[in-house]
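For this one, chain A is given, so just place chain B on it according to the hints.
Residues per chain are reported as follows:
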Amino acid sequence: MRWLRQTLAVTLLNLRTVPGRLGSSAVAIVGIAGVVVVFVSVLSIAAGFTAAMQQSGSPDRALVMRTGADSEMTSGLGGPDVDLIKQAPGIAREGQMPLASGELYVIIDLPKKSTPESGSNVPMRGIEPLGMRVRDEVSLIEGRMLQFGTNEVVVGRGAHAQFVNLDVGTEVRSGQNTWRVVGIFEAEGGVAESEIWADARTLQSVYARGNSYQSALVRLESTQAFDAFKDWVTTNPQLNVMVRRENEYYAAQSRALSTLIRGLGFAIAFLMGIGAVFGAILTMYTAVATRAREIATLRALGFNTGSVLVSVLGESIALAAIGGAIGGIAAYLGFNGYQTSTMNFQTFSQVAFAFRVTPALLIMGIVYALMMGLVGGLLPAIRAARLPIPSALREL
Amino acid sequence: MKFLPLVWKNIWRKKTRTIFTLMILFIAFFLYGVLMAIRMAFTFGVDIAGIDRLVLINKISLIMPLPISYLPRLQATPGVEIATHNSWFGGYYQDPSNFFAQIVVEPEPFMTIYQEYELPPEQMQAWRNDRQGAVVGRGLAERFEWSIGDRVPLIATIWQPKGGGQTWEFNIVGIYDGGEGVDTTQFFFRYDYLDENRAGGQGAIGWFVVKVADPSQSQAMAAGFDEMFANSSAETKTTTEKGFVEGFAKQMGDIGAIVIAILTAVLFMFGLNVANTMAQSVRERTNELAVLKTVGFSGPTILLLVMAESLFVTLLGGGLGLLVSWMFVQAGDPTGGMLPIWALPARHVVLGVALLVLLALAAGWMPAWGAMRLRITDALRRA
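Chains as they are written, first to last, in our numbering: chain A, 1 to 396; chain B, 1 to 383.
These are computed hints drawn from the structure, not numbers from a lab.
Accuracy of the hints is not assured; some may be wrong.
Here are some chain A residues the structure puts well away from chain B; computed CB gaps all over 10 angstroms [what the hints assert, rightly or not]:
| no. | residue |
| --- | --- |
| 1 | A51 |
| 2 | D83 |
| 3 | D109 |
| 4 | V164 |
| 5 | N165 |
| 6 | A228 |
| 7 | V367 |
| 8 | I382 |
FRET-style restraints, in silico, Cβ to Cβ [to be verified]:
| no. | chain 1 | residue 1 | chain 2 | residue 2 | range |
| --- | --- | --- | --- | --- | --- |
| 9 | B | I51 | A | V367 | 46 to 56 angstroms |
| 10 | A | P388 | B | A354 | 43 to 53 angstroms |
| 11 | A | S205 | B | D130 | 33 to 43 angstroms |
| 12 | A | E117 | B | W365 | 35 to 45 angstroms |
| 13 | A | P388 | B | V295 | 28 to 38 angstroms |
Idealized CB from N, CA, C, for every residue including glycine.
Pulled out of the complex, with its shape left as it was, chain B reads as follows:
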């Protein structure tokens, strides 16, 4: 502890060098935070998808509908806590480039299964009472500046209204929030409104969601459902919701691997910079270190001094970078609502700090070891 002033002095003996090293570390760990958020955005929140929820889609492909008549059979299956169905609406607001997800749901079971969507009870009540009611995520509401009571027209691409035209009208009755990693860019509206007013396809739904009582039975129950509907005109493929989201994310290509590759490059090249700077600054001080040893500093103390220096510089620069990247992510999605999820969870921050410490050790180790082994006579003679 009492050597802290010495460490501090050593760090600032060449101001320019230290400042640039700090800035390099800052950039490296700012990039780390942002890249981790990007990686998360492209995996569609797979981390929060439930394993106690099963998703049943048509075996031929996701776009093929399933008959709603399957629902009572699912509900009657032992071990099923609650079952419901959803559909993809695929419309847009004003312009086709305004992409966001619109999901057709049954409000009651849907909000029971998806506890992560937080909706005030009075808004839920309003939804029950309004057939044209729609509940939207906070992020989506902010993107289009919608508030409760607004009437919003959506242009259909798949489901034409019975009355002709392309437009479906909705009343915004609720705005839901969600914790970290919850997609708040979705638009939910009622199935009965769609089914009564669409020109065709009555009774067709997109997929079923089943909440099972015992998650350890998920796999067995999934197999059971597929067997139940085998050899029918619409066979099913059942996966856990987690598996479903993972599969969907994988279809984008391995964004995760690309991001990790970029991060490795970033940490390697900037780590090299830091290591080189440390080595240089110790090399320049060979004389001083020898003097310290002469006045009685032990080898291990010298090692610790150099390590402390490396640790301090790395944690200061990288830590600031990490902090700023966290604030940047908190400030909101930079694409203005195109990314469904934009978050930097705490465990990624912790991983970042761990990487910082590792980097500090890797960068400081060689020069610190050299300083510890320094032989006074050799070092002083060199001068």
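One chain only, chain A, in its complex shape:
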């Protein structure tokens, strides 16, 4: 108990002297805050991208592609194949109609708002009339649904925000063809919001695809119906296809890029963290040096070395905590919800997403800051505890 009281007293005394050393303390705080900002904001990119991709799929939908295709972009299915797939067991039905949609997935070259002078690969999906019913999370937020058999399109919320000239009522020229935007939809933040949807039949003729599709998306009766559906489709000798749950398909697509971003984020934050620890060490050595006489006096009065050690560590951790909090708040205010888009390398097409500074990331940032404070304070704390009393007292 007595030891605790001593420690508390010395630490509080110590913290009260910090304002007298504001300059060098501020340097340590800025250093640690800088690391936390970079750490949290880089990881928030990965978090946002992963979230967009993972909110996209549903486990009760199945995506059928040609065997060997690594994405919808490279897949191809003939019209008769799609008709056959629609007869498989396990598909949810509305009356007699199976909830399935033969789809095309292509790219249309449109400029981004941030780089209006050069084109970017905007994903365009051709859907069948039941495509909207297959995806029950999709709803229109402006305008109306496209009319099948025409050149009308509906645009995802993310695509509308990222790319030039996709307001309701505008016309988009692409090659010899003109698309008319009639509505804007949202899909609970999923990757579909980056897409432009058209009638699959119209798209077939514009992209010279004859009667062929690239994938078929079906709504299952339940998540358990997946195996029955898969077995029927993959063992049918007339079909050369593979089946994946939609959520697994999108999760796999996001893996490479988010792993890369996360790896870079950790590596950069680690290196910066070492620098910040050195900065904290410098600051704390200075603090110990300026307070050498005070510390020696305390020890001469009978305060034990442990409490001196803890008090220095306490100061260092307190500075780190302030730095971490400032960094976390700055990252949150600066980057949370920041809208951007990047290229998904599996399909060479754009994905719109928002940076996400999640509570978990903030906690990681603060914990990292505290660790930097602890490591940075250790050596100076040991020096303070070992300070030879007589010479320290004699010092000017």
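Same frame as chain A, but now just chain B:
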């Protein structure tokens, strides 16, 4: 010059402090080098892409094919030195996660246009003689431990072979090298092999590359090509190769801006550390400086002494960091071949040194100025 020993002594009067300052600078400039290499990797070598080369893609989008029948018309256009076509194969080796670029080419015109790919003449000859021959970059060959003579199967995702299945077989007949910033992770193989053996899509190619005789005419010629194919079933969009690569890199998002932002944060926070240390060490020596002035050192000399100290510490720590980052980048791509380009060009090193000098001046200026203006009587009285 004769004051160098004095500067040296001053630097080491507090060893711990100097060592930690050096280490901070080391980390800061190591990060600088690595971040610049990352930035370069994500801009796909835009710096070496040619402006005398034009790229024609389908106007609707990159994935739409163009007919090979356009080639003679391009070649016949005045001002065109040489024209060829390329296609994207999009296959993979063994596992779908083994991503690398496979480009379908016509060997002769391709290697003439892309002089930066260095291929020994006998390997070029072997390629001419072998329809299934493939030429791969040094980086790619090392990644999969391929050597000349190996037979390599690739799994197709887009182009199914006529004979069924998914597999295309190739013979590695050559390995190309390239100077700094050249992508050596690509796989080139012959168009005639693809076209004769694919199940469908005969005569469809991905994009045309045209080398123009006079680069100043690039823009006008690009417009001319697009006009030539206007109102056809496959309209074109022509850009310089540089513009094309830039546009592609921009689609990743502004990696360049993100890297610059991180670098600014790094240099600011670590620069602050260095400045603070300099200020402190001068403050502690106020007495000494006053004594120096008393024995006849002029103000400007004192200023120079302090500046020299700052410059020396910064250049030593930061310079070492820069050197080690350069060696780290030279040692090769840390992701094992995922990045197409991994290099730290000389001009980025030069920029790094310039930043070092700037940092030294910024950190040393305030304390040096203060030391110069120091009034002997005030300073000595303080003690």
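Reported absence of A51/A from the contact zone with chain B (all CB gaps over 10 angstroms)
16 angstroms, holds
Okay, P388/A versus A354/B on CB: inside 43 to 53 angstroms?
This hint holds: roughly 46 angstroms between Cβ atoms.
Claimed clearance of chain B by D83/A, with the beta carbon kept past 10 angstroms
At roughly 20 angstroms from the nearest Cβ of chain B, D83/A sits farther out than 10 angstroms, so the non-interface label holds.
Minimum Cβ-Cβ distance from I382/A to chain B exceeds 10 angstroms
Holds, because the least Cβ-Cβ distance between I382/A and chain B comes to about 13 angstroms, which exceeds 10 angstroms.
Beyond 10 angstroms from each Cβ of chain B, as asserted for N165/A:
Non-interface label on N165/A holds, nearest chain B Cβ at 16 angstroms vs cutoff 10 angstroms.
Beyond 10 angstroms from chain B, beta-carbon-wise, is D109/A?
4 angstroms, violated
Least C-beta distance between A228/A and chain B, which was stated to exceed 10 angstroms
26 angstroms, holds
Is it correct that the beta-carbon of V164/A has no partner in chain B closer than or equal to 10 angstroms?
14 angstroms, holds
Can you let me know if the beta-carbon spacing of I51/B and V367/A is within 46 to 56 angstroms?
50 angstroms, holds
If I claimed the Cβ atoms of E117/A and W365/B lie 35 to 45 angstroms apart, would that claim hold in this structure?
41 angstroms, holds
Nearest-CB test (10 angstroms) between chain B and V367/A
20 angstroms, holds
Hint says 28 to 38 angstroms; check whether the CB-CB distance for P388/A and V295/B agrees.
34 angstroms, holds
When each numbered hint is compared with the structure, a violation occurs for hint 3 only.
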